[in-house]
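**Q** One-letter residues, chain by chain:
Protein chains: 2
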Amino acid sequence: MDVCLIGAGNLATQLGLALTEKGHKVVQIWSRTASSAAELASKLECPYTTEISLIYAGADVYIIAVSDQAIEEVLGMRSWGSALVVHTAGSIPMDILAPYCTNFGVFYPFQTFTAAKTVDFDRIPVCIEASTPQNLEFLSILAHSLSQNIRIVDSVQRQQIHLAAVFVCNFVNHLYSIGEELLLEKGLDFDLLKPLILETADKMVAHSPQSSQTGPAVRNDTNVINKHLAMLADHPDLKNIYALVSERIIQKHK
Amino acid sequence: MDVCLIGAGNLATQLGLALTEKGHKVVQIWSRTASSAAELASKLECPYTTEISLIYAGADVYIIAVSDQAIEEVLGMRSWGSALVVHTAGSIPMDILAPYCTNFGVFYPFQTFTAAKTVDFDRIPVCIEASTPQNLEFLSILAHSLSQNIRIVDSVQRQQIHLAAVFVCNFVNHLYSIGEELLLEKGLDFDLLKPLILETADKMVAHSPQSSQTGPAVRNDTNVINKHLAMLADHPDLKNIYALVSERIIQKHK
Numbered sequence: 004m005d006v007c008l009i010g011a012g013n014l015a016t017q018l019g020l021a022l023t024e025k026g027h028k029v030v031q032i033w034s035r036t037a038s039s040a041a042e043l044a045s046k047l048e049c050p051y052t053t054e055i056s057l058i059y060a061g062a063d064v065y066i067i068a069v070s071d072q073a074i075e076e077v078l079g080m081r082s083w084g085s086a087l088v089v090h091t092a093g094s095i096p097m098d099i100l101a102p103y104c105t106n107f108g109v110f111y112p113f114q115t116f117t118a119a120k121t122v123d124f125d126r127i128p129v130c131i132e133a134s135t136p137q138n139l140e141f142l143s144i145l146a147h148s149l150s151q152n153i154r155i156v157d158s159v160q161r162q163q164i165h166l167a168a169v170f171v172c173n174f175v176n177h178l179y180s181i182g183e184e185l186l187l188e189k190g191l192d193f194d195l196l197k198p199l200i201l202e203t204a205d206k207m208v209a210h211s212p213q214s215s216q217t218g219p220a221v222r223n224d225t226n227v228i229n230k231h232l233a234m235l236a237d238h239p240d241l242k243n244i245y246a247l248v249s250e251r252i253i254q255k256h257k
Numbered sequence: 004m005d006v007c008l009i010g011a012g013n014l015a016t017q018l019g020l021a022l023t024e025k026g027h028k029v030v031q032i033w034s035r036t037a038s039s040a041a042e043l044a045s046k047l048e049c050p051y052t053t054e055i056s057l058i059y060a061g062a063d064v065y066i067i068a069v070s071d072q073a074i075e076e077v078l079g080m081r082s083w084g085s086a087l088v089v090h091t092a093g094s095i096p097m098d099i100l101a102p103y104c105t106n107f108g109v110f111y112p113f114q115t116f117t118a119a120k121t122v123d124f125d126r127i128p129v130c131i132e133a134s135t136p137q138n139l140e141f142l143s144i145l146a147h148s149l150s151q152n153i154r155i156v157d158s159v160q161r162q163q164i165h166l167a168a169v170f171v172c173n174f175v176n177h178l179y180s181i182g183e184e185l186l187l188e189k190g191l192d193f194d195l196l197k198p199l200i201l202e203t204a205d206k207m208v209a210h211s212p213q214s215s216q217t218g219p220a221v222r223n224d225t226n227v228i229n230k231h232l233a234m235l236a237d238h239p240d241l242k243n244i245y246a247l248v249s250e251r252i253i254q255k256h257k
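Sequence order for the protein chains is A and B. When we follow the numbering used here, the leftmost residue of the first sequence carries the number 4, and every step to the right adds one. When we follow the numbering used here, the leftmost residue of the second sequence carries the number 4, and every step to the right adds one.
Don't read these hints as lab results, they were simulated from the structure. Just so it is clear, the structure is predicted and the values come from calculations on it, not from any experiment. All the given hints hold, so there is nothing to weed out.
Identical copies carry no separate label here, and so any pair may be met within one copy or between two of them.
Dumping the calculated DSS-like pairs for lysine-lysine here, alpha-carbon to alpha-carbon at most 30 Å:
id, residue 1, residue 2
1, 255, 120
2, 120, 197
3, 230, 189
4, 189, 257
5, 242, 197
6, 25, 197
7, 242, 189
8, 189, 255
9, 197, 255
10, 230, 242
11, 46, 25
12, 120, 257
13, 255, 242
14, 120, 28
15, 257, 242
16, 255, 230
17, 28, 46
Required output: the full structure, derived from the provided sequences and hints.
**A** Here it is, written out as structure tokens:
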């Protein structure tokens, strides 16, 4: 299929690489930032533009992979006719596209993307939604060419998935940061935590997180909890997080 | 070496299996609970007892792997003479052993253990501390026979490591649980989150968590943050956790 990528950030980069690898053709890239557009265009060996009026007509699908705030602005910069236009945002309803396009949908690869790290699309869940059954079928074929894990989800479900992702990815990553900060304070390095972090993630592939819960809170071990709270006396923000999460674990497991 | 295991829980089980595999001999197991002692004894093909007075003298090391609260009680139930006695607890200072033993130390394999899942000890950091250089050398040899990753840490450092572990393991696991709860509410399953969870953990092997932070908070995207807080209106506990962790990410990255 001929794909036009609107955006050249982390998601657009990984999506462009995966589409090209699977035999699709990225016919053009648009980005407001010439350097980003040029960099991705050189990776994908395709043309780019920073002028939205110069985007070719005739691509099979226009994939908007810009920041949430920029989606409507980009949509309004051009008339899309009957072209199929999709956005890739977890937290934005599909209907945001309705005033601008006749054929539209959402193509949401559910993963965390950083430009530096190539991800294997094969197992990434791709959540799709579309304005018509025909558009849904088109997106389903496109998604299946990238991944074995396709889900048809509506906008309410997708927003919930995005909210869950904030907990299991963004907040989890910040807890890793907190672990690093705590070790550095006592002259220890983050490497020490890596086997534990990997095991904790690995465990939930086979066991539900509810049944895998360990630690002082699930044992309601107030001695250890109070000792930890005292150790965090100089970090009121961490102390609050510790108390709140412990309390929730205690409530959920009592 | 001849090892006597005091305790038959998750840690004692994994430790007993690893020691046996590496050619050490578990000469005896003690547990207050006969069924646990018998089960582990059958796995390790060794004798067991529930009577602490019947523990053999003459083992090279007595490894206490009972719950934190039970350590002192177990220590007081018997006289240990000049035997080398170690505990395995992250949050308990080494000196707790001093009133009961002449030769003592700490042998703290830094991992999360569940009885059902066999862990590969090879890369698990083992944190050791001892009352004399000779005891430290003995524990170092024992630790090196199990793992390539040995750390000599004092009790203050070990308690900090344990505190960090609560954040990166116990709290992280609870965030996984929260993700599962949120998806179930909208008829979605936890499997959807697994690729994201694994990628988030995998990423920090090569990239520092501070530099890998993604999500609405690090972008200070108040639109998405406020939408998520509104979605959590019926879950005040989750709303508080969301607000507190987001606020810390914003502060750390501004």
